[in-house]
Amino acid sequence: MEGPYQHEASDSAYQFTKAAIAKGHEILRVFFYQDGVLNSNKLMDPQADDRHIRKQWSALAIENNIDFIVCVAAAKRRGINDTVIAEGFKIGGLGMLTELAIEADRLVTFRA
Amino acid sequence: MLHLVNKSPFESMSFEDCLKYAAKGSSILLYEDGIYGAMPGSAIADRMASVTSDYKVYVLKEDMMLRGVDKIMDGITEVDYAGFVGLVEENKTASW
Amino acid sequence: MAKLMVVFRTAPYGGIYSFEGLENVLIMGAYDQDVSVLFIDDGVLAIKKGMDNSSTGIKDFSPTFRALEAYDIEKIYIDRASMEVRGVSLEDLVIEPEVIEADAVEKMMEEQKNFFIF
Numbered sequence: 001m002e003g004p005y006q007h008e009a010s011d012s013a014y015q016f017t018k019a020a021i022a023k024g025h026e027i028l029r030v031f032f033y034q035d036g037v038l039n040s041n042k043l044m045d046p047q048a049d050d051r052h053i054r055k056q057w058s059a060l061a062i063e064n065n066i067d068f069i070v071c072v073a074a075a076k077r078r079g080i081n082d083t084v085i086a087e088g089f090k091i092g093g094l095g096m097l098t099e100l101a102i103e104a105d106r107l108v109t110f111r112a
Numbered sequence: 001m002l003h004l005v006n007k008s009p010f011e012s013m014s015f016e017d018c019l020k021y022a023a024k025g026s027s028i029l030l031y032e033d034g035i036y037g038a039m040p041g042s043a044i045a046d047r048m049a050s051v052t053s054d055y056k057v058y059v060l061k062e063d064m065m066l067r068g069v070d071k072i073m074d075g076i077t078e079v080d081y082a083g084f085v086g087l088v089e090e091n092k093t094a095s096w
Numbered sequence: 001m002a003k004l005m006v007v008f009r010t011a012p013y014g015g016i017y018s019f020e021g022l023e024n025v026l027i028m029g030a031y032d033q034d035v036s037v038l039f040i041d042d043g044v045l046a047i048k049k050g051m052d053n054s055s056t057g058i059k060d061f062s063p064t065f066r067a068l069e070a071y072d073i074e075k076i077y078i079d080r081a082s083m084e085v086r087g088v089s090l091e092d093l094v095i096e097p098e099v100i101e102a103d104a105v106e107k108m109m110e111e112q113k114n115f116f117i118f
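Protein chains in written order, with this note's numbering: chain A, 1 to 112; chain B, 1 to 96; chain C, 1 to 118.
Everything labelled a hint here was simulated from the structure, so no lab data went into it.
For every residue, glycine included, the Cβ atom is placed at its ideal position computed from N, Cα and C.
The reader is advised that the hints may include incorrect statements.
Restricting the straight-line Cα-Cα distance to at most 27 Å, the calculated cross-link-like pairs of lysine-lysine (DSS-like) are [what the hints assert, rightly or not]:
no.	chain 1	residue 1	chain 2	residue 2
1	C	Lys3	C	Lys113
2	B	Lys24	C	Lys48
3	B	Lys61	A	Lys23
4	C	Lys113	B	Lys24
5	B	Lys92	B	Lys56
6	B	Lys24	B	Lys56
7	B	Lys20	C	Lys48
Partner residues aside, some chain C positions facing chain B, computed with beta carbon under 8 Å [to be verified]:
no.	residue
8	Ile40
9	Asp41
10	Ile100
11	Ala102
12	Val105
13	Glu106
14	Glu110
15	Ile117
Please build the complete structure, drawing on both the sequences and the hints.
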């Protein structure tokens, strides 16, 4: 996934996830990697008249008890660690993306 | 197969690249900047018309609204996010 | 064992995609899955010979492609037309993938449990 605000990918992924939940689907996991790890930054502070991408994600993760994984290697490159990660997100390895590919009926990538 | 195209066909090769590999009869969803490919009267309208005869082409309504695009070519079907989810239910998905 | 595939379709260095794709291939191999690798479009440039990072320091990951077989990843394919468009032939590459035609790509994707395009 691309970075939030920089690219629409974060918004599309959020809207898609919300719509899939609304249709009764089980979301096994949302995996954030590349610049997508920036979605988890609790220091994110956008202007008040715009959507707050991180807060939207956190609410979705908590309300629906979904596993949101932030790729550890991508996070470390970008200065994202446990001290800046917001509620609802967890840091995990790339293997968790492979597990998704093995287990999920469908896998959708939102890329730049 | 559902092919996802999110880039403007006037800026990127991804729509044409997708068509090189997509089997005839498969589905293509234009979303984000990809929706500009669905506008009537553009330089690629003839190309898109021939694509719609070989593929099922969809365009994401929310991304059209956001961009002020309210007309699409004949042969292209408008879907919302619920429809997007429906297409994913039916198909494996390739993001170009 | 699940059939998984990583498709490389972007050029290296200008973006991180092909590097991320390679990391995914290695992890899938470590999970003992039935992994295929496919190079199409600018992805064919990710395995070009002669990469030299001595002036920039950006990590050169082409040696890792050469090591894929050591990870038991042997299903490696490349699209003929993508090579031709770029004036690249098999001799220019660090590995020797099996050459396929574009119309085989969607079928390969359909055969997988899941796949990624980088």
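Next on the checklist: Hint Asp41/C vs chain B: min CB-CB distance below 8 Å?
Outcome noted: 5 Å, holds
Next on the checklist: Run the distance test for Lys3/C versus Lys113/C: straight-line Cα separation, threshold 27 Å.
Outcome noted: 5 Å, holds
Checklist entry - Taking only the CA atoms, is the gap from Lys24/B to Lys48/C under or equal to 27 Å? => result Outside the cut-off at roughly 32 Å; violated.
Checklist entry - Under the criterion that the straight-line Cα-Cα distance not exceed 27 Å, is the pair Lys113/C, Lys24/B satisfied? => result Between Lys113/C and Lys24/B the Cα gap is close to 21 Å, so the pair holds against 27 Å.
Item to check | Agreement of hint Ile117/C with chain B interface, Cβ distance less than 8 Å | outcome: This hint holds: Ile117/C lies near chain B, its Cβ roughly 6 Å from the closest one there, short of 8 Å.
Item to check | Straight-line alpha-carbon gap Lys61/B to Lys23/A, limit 27 Å | outcome: 18 Å, holds
Item to check | Status of the Glu106/C interface restraint (C-beta, 8 Å, chain B) | outcome: Since chain B brings a Cβ to about 4 Å from Glu106/C, closer than 8 Å, the hint holds.
Checklist entry - Is it true that the CA of Lys92/B sits at most 27 Å from the CA of Lys56/B? => result 15 Å, holds
Item to check | chain B contact restraint for Ile40/C - C-beta distance below 8 Å | outcome: 7 Å, holds
Item to check | Val105/C as an interface hint toward chain B, with CB separation required under 8 Å | outcome: 4 Å, holds
Item to check | When the least beta-carbon distance from Glu110/C to chain B is tested against 8 Å, hint result | outcome: 6 Å, holds
Checklist entry - Holds or violated: Lys20/B with Lys48/C, Cα cutoff 27 Å? => result Holds. Lys20/B to Lys48/C sits at ~23 Å (cutoff 27 Å).
When each numbered hint is compared with the structure, violations occur for hints 2 and 10.
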